[in-house]
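J.: Chain order of the listed sequences is A and B.
The numbering of the first sequence is this note's numbering, which starts it at 1 and goes up by one.
The numbering of the second sequence is this note's numbering, which starts it at 1 and goes up by one.
Check before you lean on any hint, since a few could be wrong.
As the list claims (entries may be wrong) - For each label pair, taking beta carbons as the anchor points, the in silico distance ranges come out as: (1) G20(A) / D272(B): 38 to 44 Å; (2) R51(A) / E256(B): 51 to 57 Å; (3) D70(A) / G95(B): 45 to 51 Å; (4) D161(A) / K163(B): 23 to 29 Å.
By construction, these hints were calculated from the structure, which means they are not laboratory data.
Think of the CB as a built atom: it goes at the ideal place given N, C-alpha and C, for glycine as much as any other residue.
Below are the chains, spelled out letter by letter.
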Amino acid sequence: MSDGVPSVERVSGTGIYVRGNDIDTDQIIPARFMKVVTFDGLGEFAFFDQRFEDDDTETDHPFNDHRFQDASVLVVNGNFGCGSSREHAPQALLRWGIDAIIGESFAEIFAGNCLALGIPTVTADQASIESLQETIDDSPDTTITVDVDAETVSYGEITIDAAVDAAQRTALVDGIWDTTALMRANEAAIEETAAELPYL
Amino acid sequence: MSERTLYDNVWDRHHVTTLPNGQDQLFVGLHLIHEVTSPQAFGMLRERDIEVARPELTHATVDHIVPTADQSRPLSDDAAEEMMSELERNVRASGIQLDDPTSGNQGIVHVIGPEQGLTQPGMTIVCGDSHTSTHGAFGALAFGIGTSQIRDVLATQTIAMEKQKVRKIEVTGELGPHVGAKDVILTIIRELGTDGGVGYVYEYAGEAIEALDMEGRMSICNMSIEGGARAGYVNPDETTYEWLRETEAFANTPDEFEALKPYWESIRSDDDAVYDDVVEIDGSAIEPAVTWGTTPGQVVHINEPIPDPADLPPEKRETARAAQEHMRVEPGETMAGYEIDVAFLGSCTNARLSDLRTAAQIVDGHTVAPGVRAMVVPGSQRVKAAAEREGLDERFEAAGFEWREAGCSMCLGMNEDQLSGDQASASSSNRNFVGRQGSPDGRTVLMGPRMVAAAAITGEITDVRTLPEVSVA
């Protein structure tokens, strides 16, 4: 549909996990790294305060783990990405190398920001998520495939039923997630709506 | 038509079309921007050679990175100066009004919109900031967006969204003495969870909500997002209209006010409106509330024991254990007596004039406890000026508080106002996330402005009702 917007039917790659519920966007990218006017270079600051001690020694956070450095599928738990609306959070993950996120649930603004970058946020039940996180830990070379169209996540012999928000699925599969182009086409209807608003 | 909510009404009035991806395209009545989340959006527009469609409907301020001590230019922090300059370049090139610190109108974006009368009932309002939900206090549909969506709004004055469900939260009864809006919203988030509002818009109703002033309603709507709800609102009423009448939007144009009032009345939820969910909370049972953990849902009333993680639902246990370790609190204890290093009275949740007034009443006749750094950061330059006209600055300073310039300040640690090391802070802000106030080891306890004042005086978390000079009659 829009020029140059790829469809995202499925994402395949090795995995990385970040465990825990309510992981907020301040954790994903601390505010002090947002004193910038572009998103370039944010990748290295993903989960910064979880990855380094005060004396700069590395923690055992998965984003430091050498086994996961080429991972592109992130597996998380409940209410991931809550808090601040900062798009810097998914931008940092994308620039670190994440192309898809599987979780128990996502905060709304975060999921919307991911969609704007073409990153699927698909959900699955807690047991399936925890089992996948264990598999990644045991066998980091496992290829995980997130099939947005079929709403499944598969790895090895296992296929999990996943859920993808209907509009997200259509947008990604049909390659219409760049909403600027979509909406600019409706100038006449925009004018009409505005003309009817009493406060303008 | 009947059985409709304010959300239905405002949505339909702004509905442009349904997009091929199934989302609705909504017209945006007011777009607010600030220096942190907008520069990349302007950059995206430049890359595509697109101009700002309706600059007159976007309003800019600078709040996150501005210093609250010396605001002279260039700012001493080079990164902050660059962000400020970038915003200035962008608004100048596109014809957007900017309220900078030389204007006398600068302040936190969610304080200046309402105080200038930009925020009105029945509008759609967006901003690249999750606390945009604040503006729902006026009966607007207001929500936070990401930077790519800011690009959309700048380019088209519209946004792509899916319609959510509506949960009515009815707070019944009368709030007790020294119990305020912040105690109500912290209690709501505890009851419904930090993700309870995902997929919902919250409608706040009931006697306790209707009795609140606009500042109180803003504090409540502000923290909708901490409960997972992207937007929250209160139906407009006489309290709302009284506020609007005083703003420059209508002070000299009563005809315009009268012309718009029928629209504001028309978008109110019907008495028989149908909700996807209804929750009732007994307002009379709410007591001063504080957080004990590292999410805004980890809340106790001041006399209640901190919960044992083992007694919590399984999915909350691990988070609770980690939070208690970080905060260094023990199950079974109350938060009363928890020692603090910093008292922060500020943020888009609680830095409006009435917040400062109620805190000043607590402070009168007391001094800040030894070793505590207490700071007041007014929400806007106008709040600051109004407070100074009635002498609040002198009362705070006499007690040993710092009286600072307007900005987001220590709510999120993007300027020099930050916790250091493992300092503990009694904070009137909205997020107690690990690291939120600038130090990864910092400990934040959220509470209302009166409780911040009480903690500043005693040096520890204190039930404001037990201070000897405070009358609870």
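J.: Indicate, hint by hint, whether the structure satisfies it.
T.: For each hint, the structure was consulted:
| no. | hint | result |
| --- | --- | --- |
| 1 | G20(A) / D272(B): 38 to 44 Å | holds (43 Å) |
| 2 | R51(A) / E256(B): 51 to 57 Å | holds (54 Å) |
| 3 | D70(A) / G95(B): 45 to 51 Å | holds (46 Å) |
| 4 | D161(A) / K163(B): 23 to 29 Å | holds (25 Å) |
This entry satisfies every hint, going by the numbered hints stated previously.
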